[in-house]
Every structure is written in C-alpha cells, then in structure tokens.
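Asks: The lines below spell out each chain.
Protein chains: 4
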Amino acid sequence: MGQAHLHEILESLIDQHRSAYTEGEVASYIPELKKGNPALAGIAVWGPDGLVAAGDTQVPFTLQSISKIITLMVVLEQRGEAEVFSRVGPEPTGDPFNSILKLEISERRPLNPMINAGAIAVCSLLIGNTVEERFAHVTSLLAEILGREVFIDEQVYQSEKATGHRNRALAYFLKDTGVLEGDVEEVVDLYFRQCSILVTCEELARIGFFLATKGVALTGKRLLPPSIVRLVTTFMVTCGMYNASGEFAIKAGIPAKSGVAGGILAAVPGQFGIGTFGPALDSKGNSVVGFRILCDLSRRLDLSIF
Amino acid sequence: MGQAHLHEILESLIDQHRSAYTEGEVASYIPELKKGNPALAGIAVWGPDGLVAAGDTQVPFTLQSISKIITLMVVLEQRGEAEVFSRVGPEPTGDPFNSILKLEISERRPLNPMINAGAIAVCSLLIGNTVEERFAHVTSLLAEILGREVFIDEQVYQSEKATGHRNRALAYFLKDTGVLEGDVEEVVDLYFRQCSILVTCEELARIGFFLATKGVALTGKRLLPPSIVRLVTTFMVTCGMYNASGEFAIKAGIPAKSGVAGGILAAVPGQFGIGTFGPALDSKGNSVVGFRILCDLSRRLDLSIF
Amino acid sequence: MGQAHLHEILESLIDQHRSAYTEGEVASYIPELKKGNPALAGIAVWGPDGLVAAGDTQVPFTLQSISKIITLMVVLEQRGEAEVFSRVGPEPTGDPFNSILKLEISERRPLNPMINAGAIAVCSLLIGNTVEERFAHVTSLLAEILGREVFIDEQVYQSEKATGHRNRALAYFLKDTGVLEGDVEEVVDLYFRQCSILVTCEELARIGFFLATKGVALTGKRLLPPSIVRLVTTFMVTCGMYNASGEFAIKAGIPAKSGVAGGILAAVPGQFGIGTFGPALDSKGNSVVGFRILCDLSRRLDLSIF
Amino acid sequence: MGQAHLHEILESLIDQHRSAYTEGEVASYIPELKKGNPALAGIAVWGPDGLVAAGDTQVPFTLQSISKIITLMVVLEQRGEAEVFSRVGPEPTGDPFNSILKLEISERRPLNPMINAGAIAVCSLLIGNTVEERFAHVTSLLAEILGREVFIDEQVYQSEKATGHRNRALAYFLKDTGVLEGDVEEVVDLYFRQCSILVTCEELARIGFFLATKGVALTGKRLLPPSIVRLVTTFMVTCGMYNASGEFAIKAGIPAKSGVAGGILAAVPGQFGIGTFGPALDSKGNSVVGFRILCDLSRRLDLSIF
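Residue numbers (the numbering used here), protein chains in the order written: chain A, 1 to 306; chain B, 1 to 306; chain C, 1 to 306; chain D, 1 to 306.
Keep in mind that the hints are not guaranteed to be accurate.
Copies of the same chain are indistinguishable here, so a pair counts whether it falls within one copy or spans any two.
Claimed, not checked - Straight-line distance between alpha carbons at most 20 Å, and here's what the computed SDA-like set of lysine to any residue pairs gives:
hint	residue 1	residue 2
1	K161	E186
2	K251	R79
3	K221	G50
4	K161	G182
5	K214	R230
6	K34	D153
7	K214	Q78
8	K251	P269
9	K251	E81
10	K214	S304
Don't read these hints as lab results, they were simulated from the structure.
Work out the full structure: start from the sequences and follow the hints.
Replies: The following block contains the structure:
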C-alpha cells in the first residue's frame, strides 16, 4: 500500500471518529491533566517507508502508563527476566489499573507490570545510586529511540507528585510485603517522572516501529535483544489496555499500550508502529477516539495478529 | 521443514519432558479423573502435509475445559457476538478457573467465556428445546471437524454430574443475577456433557488445524466464518491457560486451551494445529508436560505470534 | 413502669415513626413478599406483667431471617457447640447477608450463623431422616415457645423455593468445600421452610421474652439451657441486623434479629421481649420503621446493654 | 465478693493459664516489640473497692491498638458523632486488622474505628495546629484518667515509624478517596505515637474502670459524657478483639480491646475495669494468656453482658 493511500485512510479515520470524544472525559484524577483539550485527535503510522500522519500528531503530551513499557525494557535488560518476575507476575487481572485488592487476597507479587502496582515494582528495580541516575536509564533508551533529548512536563510531574496518593498506597503496600525494596518516596518519584515524559503522537508511532522491528532504532542500531521486545509486546496484548485489554485484543488484535493523557502506542509486529492521540477517556482509562481508530484501522488493513 | 525432521523434534520433546509429570498431579476434584495414568505423554502436529505424532497420541481422554471453545463457536454462530457479549465479558481475570469472587465484586457478567462461570453462561445460550437437541449442536460441529461421530465418557459425565457442586454454585449465582436463563440443572448438564467428550491427542491437533485455517475442515468445507474462529483464537491467548495464560503467552506465544484431563489444544494461525497430552497437572490446572513441550516447541520453531 | 404508661409510649412511637416507611421498600427479591403492605407498623412488648402492644401487631407475616435463631438453638441443643462451630464461625462480617465473597477469600466456614451461608450450614446440621422430621424439630421448639401449632405460608415458601437461586449458590459452594453435608436441595428446602414460618408481631415479643428469660417458656417450663440462649443472644448483638448490626448496637444496644418480611425480634436480657413489624426495608434489609422505633424506645427506657 | 477472695481467683487464673503463652508468639512485625518477654502474665481488676492484682501487673508496655479507644473518645468529644461517622463506619468486618480489601470493594469509609484504617481516619480528625498539639489531647485525657503524666516508648515509636508501611498504605489509600484530610505523614505519626504510649496492666484496669463508670475518673471528676463512653464500649464488644471479637463476645461477653504488645483492656459496665498482660499473641493478634484468663474469669464471676 502506498503512503498516499495510507494517508487517505488515516484522514478518513480521523474524520469519522474525531467527534466520539464527546463520549469520554479528560482524566481528572491528576489535576494538571484536566487542562487537556478533549477535541484533539491524531494518528500516525511509522513503517519501512517512513511516517504518515493525520490530525493533531505534533501536540506534546505525557506518556503516563505508556512509560511502563519503556521502563520494563530497561529493567529486563538490567536485571534479567528471572529477577524481574520474582517481583511482578505475568498474568492479566481484569481489575482496574489502580486496584490494590489482589495484593491482599492473591499472591504477594503484583499480577503484571502493566497495572500500577506492577509498574511501581518495576521502577524499584532500576539500577542507580540516585533517582536521577536511575531515571536517566529510562530517558536515555527513549532518547535513542526518538533521536532527541527527552524532557518531562514539570507541571504534570509536580501535579502527580502532589496528588498521587493511590500510587503511594500501592507502593507502601508492596514495601510492607517485601516486594519493593529501597525508599518508597524515591520509587514513586521515579514513577511520577516516567509518567510525565513528553512525546507527540508521531513519536509514539516511532516507538511502536522500534517494537515492531524487535528492538532496532531508525539509525539501524539494535538497542535491545529481540527477546525483551517480544516479551514487552506480549504484555501489551494481554494487559496493555487496562481492563479493556481483552476487548481490544478481540476488536483490534494489535499489541498496544495506552496512557491516561490520551495516547495509545501500538506495534504491528514486523510491519508498523502506530500512535494515536485523543485526551477524552472512556471509563476504563483508554482514549475513546484512539481506541476506535485502532479497531477500525485494524479491520480495514487486517492487522490482527490472531 | 520436512515431516521426518518434525517427527524427530517431537520425539525429542517427549523424551526430554516426559518425566516432568512427577512434578504434577492428576486432577482429583472429579473422582473419575483420578484414574488417569499420569505418566502418559504425547504430542501431535497437524499441518498442510498431514499429521506428525510422538508418544501417547491415540489414548482417548475427555476434553474438559477445551470444550469451552467448541461451544463458544457454536453459540457465536447461533446468537451473534452482541448477544453473547451481553452475557459474558471479554476480559482475562487472573483468578482461578472456578472463582466466584468477581461475580460479586465486579460486573454481573462473568469476565470471559474461558473461566467456568463464563463457559456455563455460554452453555445457557445454546439453542434447542431439549438438552439433547442443544448438545447435538456442539457434537455435530465437532463431528464435522473430526470426521467421525462424537461420544462422551459416560463415567466421567456421571462423576462430574454427581460432584460438580462448585459449577452448580456458579450457575445458581448467575441465575440469581439474571445472566443465566433457563433451567440451571439443564445448563450444568450441558456443561458436564461437553466436558466429557472423548478425543485423542491427535484429534486435538486436528481441531487446532481447523482453527489455524480459520474454520475450514480437512474436507475443504468451511464450517464457520473466519471472524468467529479469530475471536475464539484470541480468547485462547488471553485466557486459554487458566491463570497461567499470561505466562504461557510470554513463554510460548501460541493460542492454546487446556483441560484438566491433561489435554492442551494449540493453533498456530495459518500454520499448524497442535495437541498435547499428559494427565499430571500443575497447581493452576495445566498439564505439566504439555505446558513445557509447547514452550519448548515454540522456541525451537519460532512459533510465537508476538 | 406501669403497663398503661408503657402502652402510651408504644403508641407515641408508632405515631412518630409510622410514616418513615416511605423511605424504604418492601422486599422484592422474593416475589411473594412484594405483596406486603408497606404502611403497616406495630410494636409489642412482653414483660413479666404480660403483653403491651400498639399498631398492627396481629397481622401474620413470615419469620424470614429471624428463623435463623430458632434453628440455631435447636442445632446447638442437638449437636453441641463444638460441632456447630466446626461448620460455622462466630465472627461478624460487614458483608451483605447474601454475600459469597468470604467463602472464597477467607476461611472455609461461613463467618457466622446469621448470614445466609451460615444459616444454611446450620440447617444442614438438623438431625432427622427426612426433611419433614428435621423441620419438625424447629417448629416444635417454636410451638412450645408460642403455645400454639406452627404453620408456614405456603405461597411464600413456594416463591422462595422457585426463586432462591442465590441461596442455592451459597449451599452448593458450601457443599463443594465440604462444609455442608447431605443433599443440597433438602437443605435449602429446610431453609426456605423456616423462612416461611408465620408469626405476628406480638409473637415476636413472646419469643423475645423467652430469650430474655434465658430459655423459659411462659408456662414456666425450661425449654433450653441458658448457655444456648446466651450464645444466640450474643449473635443477635454482633450480627443480628445484617450489615447494620454495628450501627444498631450503638443506637439501640439491644440484642435483635430482623427478617426481610419486616419483623424485628428483640430481647432485653432479664427484662423484656420486643417485636416490631413494618414491611418497608432499608437498603440493608432491615425494617425502616422497626429500626427507628427500637432505637427510640431504647433511648427512652435506657435499654442498652452497653 | 471480698478483695481477698477476688485476689485468690486472680492468682489461680494466672497459675492456670500462664503456660499457655507457648502457644502464641510475640509480635514480630514491629521490630522493637520482638523484645517482649513472652512468659510474662498479669491480671488486674479495679472496682469500687480499689485494685486487686496478680502476676506481672507493673511491667510497662505499649498500648498499641488499645490506644484506638482513647483517641476515639477524644475525637468524638471534639468533633461530635455525626462528623466522626462521616469518616468511619460502625460495622464489624471479619477481616484482619490491617486489611485494605474493603476500602476498595465496599464503601469509601473504613468499616469501623477499631481496624487500623478506621483508627487512622480517627487520628486525622484530632484538632490542633501541630502533631504535638493534637497528640496532647490524647495524652491529657489519659493523664487525667491515670492520674500521672503520660509518656511514649521512644524505641517502639521510632520502630513503628520506620516500618509501619502497611499503615502508610492504608493512610494514603484513605487520602486518595478523600476520607483522610491533612498531611498523611502527620496522621500516621500521630497513630504511631498513640500506639507507643506506655502503661501497665494495673493501669489498663484503671482505664477499664473509667469506662465501667461511664466516664468518671477516680478523682470523681466526670471527664466525658456517658454517651461517648457507651459508644466506645459498644465498639469494644463488636470489634475490640480484632477478627476474634465474635468469638470473645460468646466466650467472655465483656467489652474489651486488645493491643499487639500483649495488653487487653476490659470493662464490665457498672462494675469493674480489668487489665490483662501477656505478650505472646495468637494468629489474630490477641494475647493468648489474656484471652483465656478473661474468658475464664467471665465464666467464674458470670460477667457476660449478654
């Protein structure tokens, strides 16, 4: 398929689904996110022939939960699978992203690294003497993928830090059960920093293409072994879309990870990276517009891996 | 890869993993299943060039939870997606297969059709005036796939019927919340019947090949639309291996469904159907030997869909 | 206090609280109970000097959960404390009366004999060859207390039997975990029968007086040892008012047991038995009018045991 | 009963039950508490005729959860029932004292002020500009009851502060849901301070007598209105002994509150205050020796309020 034809499809997807934002709401639990413009909508696709984009694809927003996959890759590289999976499980949960329930009634480990509890456990595994040093491992991987320096949105970061009480509750619970080592405030600080990293929709597509090529940057440099990328891609399928992951697997069938700032990063193995953006969220925390666009695109281009 | 080479690989997998049965135990919660020989082990692969098998692949055993995917396909065909998903959700749960918890604290619908509660809800959707008529839809689809008449193991069926109290608990709970319509005893009777259907390991591979070809029998006849088969295949990835589905997705990456009699049915989309057999189960209800063989085979032949 | 003065107080309580029924609703989950007249209201007090009553105290209605204490007394007498507490615990739960949750995540035994799961376990301990024989132990104790033959409301009984799916779910769950022995349908049949026993508000007061005197009937005959009556009275305080037992302990401080047909039976140790009636229930299943009248009466007469 | 006779009974209770400490274990989750001598055992009774004591009744130890009732009385006085019960419920839970489960699946408010979550919510209601000022309200009430200045055990306080991660998890969860206002670290600091207050077994009896007399100090001065004391006494019955409160109500029937340092404070309304001490705890967190002594004493002297 030519780039022009693809562009046409993307434009039509934006036209068709943009207005669906009225069915969702901008995230309100992080005060700073409430300022997002719910009417924005964008989709970008990175493939072997480069980028095709439609809509609002150059507006910066924060990664939020999408950052979980970046840190997971760093930590798998630093610590190895065995150590990571001694702290966090591999199973989808069916629970909301901020649930604490299973930590009490099920096993000690958070069930997977995509729910907040699991992602916080992953953060605690970052190697480094200081928060800055540990966080630099995350930003430097992302910088290599994106080919630019990485920044955080200071307002969002401070807002999360000031109000992220549920995440602190999860972290202290994990501290109590021995899953989380080190200083709790430092660990949640890392978590809030990674959530606050700024990207654009086009850049999500670029990260997706990095995953689709199993770990090779656009420069041609291999940044990670394929096994790590495959593992992360698998998690994107089983639990990347919060407790709508099963529904998304059926309707789109593409590995994807969403964030509450409105981004969704998707990767069609061996083919494309895709980014979508739309700040209005459904009740489970996924971008209403992004979710629909990806389902529709998958149907039109037959992208499901199943 | 030639059939001879594949046969060699399968033989080596049986040799290597057969003894792992000592780490598991034959299912005991259905009295009749306790009689299974834990040392049996088999693997069969159906591909475009036919069947390759190694080990105990012609011993008959009961489908148990593997039957859930057959009935789900029948019901999706009979009722359509919309009606099915009004009764059962699409989300993996992280809970044990017989859990009742989420029915009380989460939404009314069972979270997915692969846990017992969901499969029972699916059974209640079978069309027909009598239990026999409804069950005939299940057996006739399977008969067409297998090219033979389908029977149940009467001892296992009676054993499940006499002792399946947890499944009755789930069914009555669903009756109370309005998810399940019709007579509860008839619905659980259907469920016990489907669990008691007899197959061999080679036949699991044949069913798997039917899924891999998106719904075409060996006769060349299309039995179901591809969309239904894809949907079922997706559920096999997100919740086919009980609450080890996430782990299996990472380690094998193949759509698969296991049953507590020791069978695992797997389907590599567009390529193979695979059946494994080994009655000794791990703590989550999956065949110890089958689980390992499939992970190893996937690694050797690079079968992961991720 | 003279009987005339007490009568005046009871009349004023009815006058003051009768209209509160508009804040509740007649139980709807048992179809037959929906026919109850929500505007009825009555209170009766039995003391050493006999009965004082105000309002609708001679209308027959079904015991519902109030029957749990009758059967518990019978079973404690038949089986002894040790055996009873091997099947049901002594702890309040904070959960709704029909909850199944704790049976999965907490211990095997239902937490107490006042929630449905626990009461069903208690029913399964009744001695006798047939359902009739076992039920006769319950009715004969009650007949001795009331000085009349005991009947059930056949319509309500049939209605519960036809629709008591949640109770069947609880019973089958208990059967699965080995708490409940014997035939599940027989046990729930016993449970539905005891729930359907007909009494009047005045008779509730008489049963309450039997408890207040620690087991002596109006005839002067001791029907049960004081230790059994004390035990049951204790349960009435910690879990007699469903998951409003704590609130009721604070506001009224009187051992009491409510039923969803609108009755509340209360016993002030060494002093009075009290019955109230008012079919409109609050969200937790207690009679709105009865709850308020008892709190008010306790305050006026300083009846709290605390 | 004369003081001499009572003394004889208390001595025999110590003799009979002291060795039961081998069936329990000193609390280990607060490192400093591990140093407790498990073999200590004491009981003290304060009545109208003064103190009778047997065993180790003058050894200082920390109040731990017993402090919950002191702070609850202060806060009820400062804020009034309505405001307190808008933050914490009145219902027993059946859950372990440090459970977080119900905060997610049940209502927003902790179910009662005796579980840790509820006690932390109560702490957040103390009035005052600084932690010191707020804590002074707690210590000054206790000082008036005890007739001496009140101190905390600095080692225990620092130990709890350094390791009280589960309590922080609870507090941050409550902060997230809006139940807890103010600074979380200050609130848990208050909680750790109150837990670290030093008392002796004899002094527990004195506090118990204060409750038994509905709020009058030994000096004859009324420190609190009877309604507040009655309310707190009620909570001691329904949830004072962690998730063994129901069992204790049946076996002893005395309002009581236990702490994990080994103390139990009991109050027989209108009669006695009782303190017991024995650092070895059962699996639910109650002093093994204290629990048995109180059950036995209640039986011998017929102290049950039921």
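Asks: Which earlier hints turn out false for this structure, listed by number in ascending order?
Replies: Of the numbered hints, all hold.
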